[in-house]
Amino acid sequence: MMSMSTLSATLALVTTRPYHHGNLRAALLEQAELTLTERGAQALSLRELAREIGVSHAAPRRHFPDRQALLDALAEDGFDRLGDALARAVQCAGAAFDARLHALGQAYIAFATRHAALLELMFAGKQRPGADSVRESADRAFAPPRAVIVEAQAAGELQAGDPGRVAIVAFATLQGLAAMANGGMIEAAPVDAVVTDAIDQLLDGLRPR
Numbered sequence: 002m003m004s005m006s007t008l009s010a011t012l013a014l015v016t017t018r019p020y021h022h023g024n025l026r027a028a029l030l031e032q033a034e035l036t037l038t039e040r041g042a043q044a045l046s047l048r049e050l051a052r053e054i055g056v057s058h059a060a061p062r063r064h065f066p067d068r069q070a071l072l073d074a075l076a077e078d079g080f081d082r083l084g085d086a087l088a089r090a091v092q093c094a095g096a097a098f099d100a101r102l103h104a105l106g107q108a109y110i111a112f113a114t115r116h117a118a119l120l121e122l123m124f125a126g127k128q129r130p131g132a133d134s135v136r137e138s139a140d141r142a143f144a145p146p147r148a149v150i151v152e153a154q155a156a157g158e159l160q161a162g163d164p165g166r167v168a169i170v171a172f173a174t175l176q177g178l179a180a181m182a183n184g185g186m187i188e189a190a191p192v193d194a195v196v197t198d199a200i201d202q203l204l205d206g207l208r209p210r
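Here the sequence shown is numbered in the numbering used here, starting from 2 and rising by one per residue.
Any given hint could be a false lead.
Computed beta-carbon distance windows for the label pairs [unchecked claim]:
{"#": "1", "residue 1": "L35", "residue 2": "Q92", "range": "44 to 54 Å"}
{"#": "2", "residue 1": "H58", "residue 2": "L35", "range": "17 to 27 Å"}
{"#": "3", "residue 1": "Q69", "residue 2": "A100", "range": "39 to 49 Å"}
{"#": "4", "residue 1": "P66", "residue 2": "P209", "range": "48 to 58 Å"}
{"#": "5", "residue 1": "A27", "residue 2": "Q69", "range": "15 to 25 Å"}
{"#": "6", "residue 1": "P66", "residue 2": "N24", "range": "15 to 25 Å"}
{"#": "7", "residue 1": "P209", "residue 2": "G131", "range": "19 to 29 Å"}
Since the hints were derived computationally from the structure, they do not count as laboratory data. Being a predicted model, the structure only gives us computed values, none of them experimental. Every residue, glycine too, gets a C-beta built ideally from N, C-alpha and C.
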C-alpha cells in the first residue's frame, strides 16, 4: 500500500507537471479558435489559453512569444486548412473547368461559413504590415484556384487577360455570398443552391465572346 508521504509526493508531481498533452502548439491553436469563435479576438490571451488547456502560464511562450505571434499562427493555420480544402476540391472535381470552379466555390463557402470568425482574422492578419508568413500562407492557399484559371484561359474556356483580375471577380462573388450567408441574408434557398446559381452566372460572364 502506498504510504501517505509517497502519495503526497506523487500528487505534487502530477499537479506541477508542466504539460501532459501530446502537442502543445496544436492544443493552443485549437483552443484559440474556439475562443475566437465564441468570444472574439479581443478575448484571446496566452495566459487565458494556458489556463483553459491546463498548463502553466509560461508554457505557451515555447511556441508563441507574444499574443501577435499567436494570432499570426492562427491565421496561417487557417490559410493552410483552406488551401488543403481548395486543393482537394480541384483534385476531386476532375478535368472539366466548370466542375472545378463549382467545386472550388462550394469548398470556399463551406469553409467561410463554418469558420467565419477565423476567416475574418485570416484576412485581417494578411493585411498587417510585417506579416510576411501570413501572406505566404494565403498565397499558397489560393494557388489551386489561380492554377485552374490559368489553365482554363490557356484552353480558351475563359476570357484572355490577366488571370489575377479574373480571380478577383470570382473571389468577390464568393466572398459576397459568404458574407450574406454568415449574416443570415440567404434564406430563400439552401446556400449550396445559391452558390451553384452564382457560379453558373459567373461562368457565363467569363466565357470568351
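Do the hints match the structure? See the list:
no., hint, in the structure
1, L35 - Q92: 44 to 54 Å, "violated (29 Å)"
2, H58 - L35: 17 to 27 Å, "holds (19 Å)"
3, Q69 - A100: 39 to 49 Å, "holds (41 Å)"
4, P66 - P209: 48 to 58 Å, "holds (52 Å)"
5, A27 - Q69: 15 to 25 Å, "holds (19 Å)"
6, P66 - N24: 15 to 25 Å, "holds (18 Å)"
7, P209 - G131: 19 to 29 Å, "violated (41 Å)"
Violated hints for the displayed structure, listed by number in ascending order: 1 and 7.
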